[in-house]
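Colleague: Single-letter residue listing:
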Amino acid sequence: MAQIETELQLLKVEVVNMWTLVDSQLSKARLAFLNFDKDLAREVVLKEKRVNGSELKIDRDCENIFALFCPVAIDLRFLLAVLKINSNLERIGDIAEGIAKYIIDAEVPFTNEMLETTRILPMYEESVNMLQATQTAFETEDTILARSVFKKDDFLDNVNKTSNKVLESHLVAHPEDTAQALWILSIIRKLERVGDQSKNIAEEIIFYLEAKVLKHKGKHS
Amino acid sequence: MESTIIKSRDFNASFGSNHVVKNVNIDIPRNHVIAVMGPSGCGKTTYLRCINRMHELIPGATSSGEMKINDENIYDMHPIFVRLKIGMVFQRPNPFPNLSIYDNVIAGYKLNGIKLAKADRDRIVEHSLTRVALWKEVKDSLTKKGSFLSGGQQQRLCIARAVAMEPEVLLFDEPTSALDPISTSTVEELFHELKTNYTLIIVTHNMQQAARVSDKTAFFYMGELVEYDETKTMFTNPKDNRTQNYITGRFS
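As given, the protein sequences belong to chains A and B, one line each in that order. Per the working numbering, numbering through the first sequence is continuous, rising by one, with the last residue being 221. Per the working numbering, numbering through the second sequence is continuous, rising by one, with the last residue being 252.
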């Protein structure tokens, strides 16, 4: 086996490990949000340093492979994709930390009515699904699965788009929920970004495997 | 639109029963740098030597199919005339060791019995050495032997010798494999300048060199032309798996 193959395989393992860590951060932040579990939220905040450490390690590994092996063709596309995936994963890690910090700062649990009317719970579930689908697509080199992520993002966009109106109506009836509504709105915005970042990652997987650039192409096919 | 200068159609070359170039079809555009790469024994050097009929100097060598320059069949032309139109530079710098730098540059004229006035000889020597960025370095030592120069300078002198004959095409057979990185870089810079006047076809084992200097790249494997495309495409998204395996170092 060529040395570059060994290096790329090791890098792939690093990236998959980071993906698993970021998925765990986002899922734990979800549990902390569902159960208003401040201890779990603090754990997420503490582990964010590991996500940052992983990002730096992957950046360094990519730099070394570029410098030492002059990759071309699929190897070059893999490295370019990994650099961008790495940066998107790190941002999703930041989002998980941000949500966890909201849970720590929030004074009272979120009301069931607000959770239901905003559809934030299925939105959260779908954003975790999207991230997990991209990980499986990367590991199994499955561009059909990567493409399925684009469709899932429509639901997240819809929840985000309707959230202002939904919360406005809720606050007319329950003005005492204003602080909670602001937290919820902030989390919805963050989850919408997770959807965008998962889409970016899916685009990079398709670029790496099919050499097709889907960025800025509108509706993906 | 690009005009084609060299065109091969169903071109084959053999040494006795050894079929080394198989049905090659290729259009080489004028004023471009073309890199030819492939593993040892793939037929790339033989193909290159067929372009100016150097290959037929080897006993038992045969060829078939079309090889044209400017739509004229190279194999219908006199070989000396072909080599005037299509110059060649080899792997190791090979200036004539007993000739001065000056005489090395105009050696092609002398060997072909072409007599030139002193003023014309001077002009050709200065022009050719300037073309290869060697004039400033050697203008005060033109009477010294070519072997007095460094390896990189000797190779540029050989390129000047080829350029002096005002060819249309220059063939290079691994032109920098015997040079250090600095001399290699100087010769590579030269390729970019030379292509404004000539078409360059370079056989190289150095894939990074192919990527750096060429506009189009041809990949040969077991005598076949597997893929021929823009160099950027070849090195980012090759169409054939054999090309991808070769350039990514996974060739078995």
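Keep in mind that the hints were calculated from the coordinates and are not lab data. Do not take every clue at face value.
Unchecked claim - Covered stretches of chain A, as calculated for chain B (at least 3 residues, CB under 8 Å): (1) 2-9; (2) 69-82.
Unchecked claim - Negatives, chain B to chain A, calculated, CB over 12 Å: (3) 92; (4) 114; (5) 143; (6) 184; (7) 186; (8) 207; (9) 239; (10) 250.
Glycine residues also receive a C-beta, built at the ideal position from the N, C-alpha and C atoms.
Colleague: Hint by hint, note whether the structure agrees.
Modeller: Tested hints:
| no. | hint | verdict |
| --- | --- | --- |
| 1 | 2-9 | holds (count 3) |
| 2 | 69-82 | holds (count 8) |
| 3 | 92 | holds, 26 Å |
| 4 | 114 | holds, 45 Å |
| 5 | 143 | holds, 43 Å |
| 6 | 184 | holds, 15 Å |
| 7 | 186 | holds, 21 Å |
| 8 | 207 | violated, 7 Å |
| 9 | 239 | violated, 10 Å |
| 10 | 250 | violated, 6 Å |
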